[in-house]
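Read top to bottom, the protein sequences are chains A and B. Under my numbering, the first residue of the first sequence carries the number 3, and numbering increases by one thereafter. Under my numbering, the first residue of the second sequence carries the number 7, and numbering increases by one thereafter.
No lab work stands behind these hints: they were computed from the structure. Be aware that a few hints might be false.
Once the Cα atoms are required to be at most 20 angstroms apart in a straight line, the calculated SDA-like pairs of lysine to any residue come out as [what the hints assert, rightly or not]:
(1) B:K111 to A:F172
(2) A:K178 to B:D85
(3) A:K30 to B:E244
(4) B:K111 to A:E93
(5) A:K83 to A:Q73
(6) A:K178 to B:G246
(7) A:K153 to B:D85
(8) A:K55 to B:E244
(9) A:K83 to B:D85
(10) A:K83 to B:D132
Chain residues, written in single-letter form:
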Amino acid sequence: MASETTEAGKMANRAVAAQRPNGSTQGKICQFKLVLLGESAVGKSSLVLRFVKGQFHEYQESTIGAAFLTQTICLDDTTVKFEIWDTAGQERYHSLAPMYYRGAQAAIVVYDITNQDTFGRAKTWVKELQRQASPTIVIALAGNKQDLANKRMVEFEEAQTYADENGLLFMETSAKTAMNVNDIFLAIEV
Amino acid sequence: MAKSTYSKVDEYGFQRPENFNYEIKGIPSDRRTAVWMHVSGAEVLKHSSSFSYSQLKNKINNQDIIETIQIDLPRTFPDNIYFTSHDQLPTMLYNVLAVFGHQNKEVGYCQGLNYIAGLLLLATKDEEASFWLLKTLVEKTLPQYYIVTMTGLLTDLDVLDELVQKYEPVIYRHIHNIGMPWAMGTTKWFICLFSEVLPTETVFRIWDCLFYEGSKIIFRVAIALIRLHKQEILQTSELGELITCFRDMRNHETVINCHQFMRVSLIV
Numbered sequence: 003m004a005s006e007t008t009e010a011g012k013m014a015n016r017a018v019a020a021q022r023p024n025g026s027t028q029g030k031i032c033q034f035k036l037v038l039l040g041e042s043a044v045g046k047s048s049l050v051l052r053f054v055k056g057q058f059h060e061y062q063e064s065t066i067g068a069a070f071l072t073q074t075i076c077l078d079d080t081t082v083k084f085e086i087w088d089t090a091g092q093e094r095y096h097s098l099a100p101m102y103y104r105g106a107q108a109a110i111v112v113y114d115i116t117n118q119d120t121f122g123r124a125k126t127w128v129k130e131l132q133r134q135a136s137p138t139i140v141i142a143l144a145g146n147k148q149d150l151a152n153k154r155m156v157e158f159e160e161a162q163t164y165a166d167e168n169g170l171l172f173m174e175t176s177a178k179t180a181m182n183v184n185d186i187f188l189a190i191e192v
Numbered sequence: 007m008a009k010s011t012y013s014k015v016d017e018y019g020f021q022r023p024e025n026f027n028y029e030i031k032g033i034p035s036d037r038r039t040a041v042w043m044h045v046s047g048a049e050v051l052k053h054s055s056s057f058s059y060s061q062l063k064n065k066i067n068n069q070d071i072i073e074t075i076q077i078d079l080p081r082t083f084p085d086n087i088y089f090t091s092h093d094q095l096p097t098m099l100y101n102v103l104a105v106f107g108h109q110n111k112e113v114g115y116c117q118g119l120n121y122i123a124g125l126l127l128l129a130t131k132d133e134e135a136s137f138w139l140l141k142t143l144v145e146k147t148l149p150q151y152y153i154v155t156m157t158g159l160l161t162d163l164d165v166l167d168e169l170v171q172k173y174e175p176v177i178y179r180h181i182h183n184i185g186m187p188w189a190m191g192t193t194k195w196f197i198c199l200f201s202e203v204l205p206t207e208t209v210f211r212i213w214d215c216l217f218y219e220g221s222k223i224i225f226r227v228a229i230a231l232i233r234l235h236k237q238e239i240l241q242t243s244e245l246g247e248l249i250t251c252f253r254d255m256r257n258h259e260t261v262i263n264c265h266q267f268m269r270v271s272l273i274v
């Protein structure tokens, strides 16, 4: 399984970069619009904070409405500017979500591996995206809080099977240890 | 604006001008609880209510509401020393939110209320007063903001749209050309009543007016913020830049200087 440290994350970046087709994209700048969806307190903001600033806060403030962050990464000769919408998780804010996923090229749907309900909610998000978002949207499923695997309630295989059946990218992640965080953001961009 | 009910003589013995507006200068912090309770109607609500706060506190039993609130407790002002270094404040916050959520089933617990109740507690240091003030805000001042459909919020976002069109047509056209829904830039302004959006001292000054004259101060502040950033807004050319401009409005010099900011807001 994947890297646990930021250094390993950087290596993963290089690995992703190596997979990129070269030639036509040289010196190109692309914008990449991405949205994070999922139940409250599964770690959406923490994943973004880890990816954008390399930081982790044990107690991340609850997001109201949505937060907007950017991150620019160079892959080969291409500069990719991630425009990330980090949405509020509480069901009540659901009606505001379409304005964030409309026009998004990718979505990361997050659940908490220690909480079965959040996996159910992730499936609901996936269904909604498949029906309502752009038909070309790339969806990744992130089983976050992998550092708490000893309290696991959602089996890796169960999520992997679901992801395979629905054509989703899938990784278990940990915003706390940085495991697979860069990898999942970069994997959906490739 | 409604007529002031305060003394015509200020604390230094000078006659106040005829059109003096107490809120412009802000309420002294040691008087805030009493003044907010009085001018908002929370005091009357408390005394006319058929149940007491402590009675309500004994009825907390809905596990869903309890769990949802507990998740947000350590995530409310995690950098504030009063919330991190004292056990008392998170417990008080829990009580206020849980009691509120149980006595108002339509709202229950809505994320955002944690920041409002948190700031109420920091301002008043009084759990019971914070509850009655929260109840007054949510049920009287901002009806239907926090219910499941958020109808009140959506309506007020439309009102803001019309106000900007009327008072700042150039900014209005620019924002519409870029295609930013108001909900993207300003949901938090309305839901958190500027807590977690503007500097705390400025937020309390806004709340002084909010408790006194009701929700129109939110629109005044919103228009003032947008006006103060006219150049910056018009210089943006795409959605990301525009959103970033809205997000960074808290850092404007005038916004930090709460006296000046309130003057600007009350001209609107």
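Item to check | Hints that the structure is at odds with (numbers, increasing) | outcome: When the structure is compared with the hints, numbers 1, 6, 7, 8, 9, 10 turn out to be violated.
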